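Here the protein sequences come in this chain order: A and B. Throughout the first sequence, residue numbering follows my numbering, covering 1 to 142 in sequence. Throughout the second sequence, residue numbering follows my numbering, covering 1 to 80 in sequence.
No lab work stands behind these hints: they were computed from the structure. Keep in mind it's a predicted model, so treat the numbers as computed, not measured. Quick reminder that beta carbons are idealized off the backbone N, C-alpha and C, glycines included. Accuracy of the hints is not assured; some may be wrong.
[Unchecked claim] Some chain A residues judged to face chain B by a derived CB distance under 8 Å, without partners named: (1) Thr44; (2) Ser46; (3) Ile47; (4) Thr51; (5) Val135; (6) Arg139.
[To be verified] Incomplete in silico selection of chain A near chain B, CB under 10 Å: (7) Thr16; (8) Arg43; (9) Phe45; (10) Arg48; (11) Asn49; (12) Met50; (13) Thr56.
[Stated by the list, open to error] Simulated restraints, written as ranges between beta carbons of each label pair: (14) Pro56(B) <-> Gln126(A): 57 to 65 Å; (15) Ser71(B) <-> Gly53(A): 45 to 53 Å; (16) Ser13(B) <-> Leu132(A): 38 to 46 Å; (17) Arg9(B) <-> Ala62(A): 32 to 40 Å; (18) Ser13(B) <-> Leu104(A): 49 to 57 Å.
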Amino acid sequence: MALAVDITALRDRVLTDLNAAHDYYSDTKIAWSIVGRAIAEGRTFSIRNMTTGTVTTHAELAGKSRGYVAEQLTEATFQQFITIFESFFVDLLRLWLITYPKSLGAKTVEFRRILDAPDKAAITLQVVNHELNEVMYERPAD
Amino acid sequence: MTDATTHQRLRVSTDGTAGPYIAVPVSQLEEVKALLNRNGIRYLVDENAISLDGKPEIAVINLGRGANAPSVQNILDGNR
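Model the full structure from these sequences, guided by the hints.
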């Protein structure tokens, strides 16, 4: 029952994160659209980077904005979706393995770690985290 | 403190979700930064200054989410 509650909470958190990422994508597209409309209606502006001194005019920004929306923004949002999914997947596996750790029964733990751990749950968590790190960060070829 | 370009009172704005900020003409930026420094106020100046319709460039000083906007406003008001 606790696992079901934890998975539901995880699902809710991830859906919130996905919605926020999608809102950011939509809001940014809208903001660029408003900028484009303002320029088309004759508003002018310039932006000076106070670090580099580079000045960007409204005409230059309008030219760049299409690429920003069609490429960078879309790619960045897609990467964010992947990051959120990866995080969800690892957290789901962690919840599952902590609840059903017997699939890791063949793993060995240094005796020092057992002595340092306050209880069995802490040792289980260490083993689960270690396994997840290996799964997520080792090279595919390995 | 008064905005040198609009002659209006410089205001600490609290709209948005990124914490209070001060929009200040670039010509006054160093003066405002010095005032904040003297009062131990932490801040971060936006990298870009924007000029709209040929008006003076405006820089944005971000005070951070934890900033005490009324206190900073008092500091600005006290420096006339």
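Of all the hints numbered above, which does this structure not satisfy? Sort the numbers upward.
When the structure is compared with the hints, numbers 5, 6, 7, 15 turn out to be violated.
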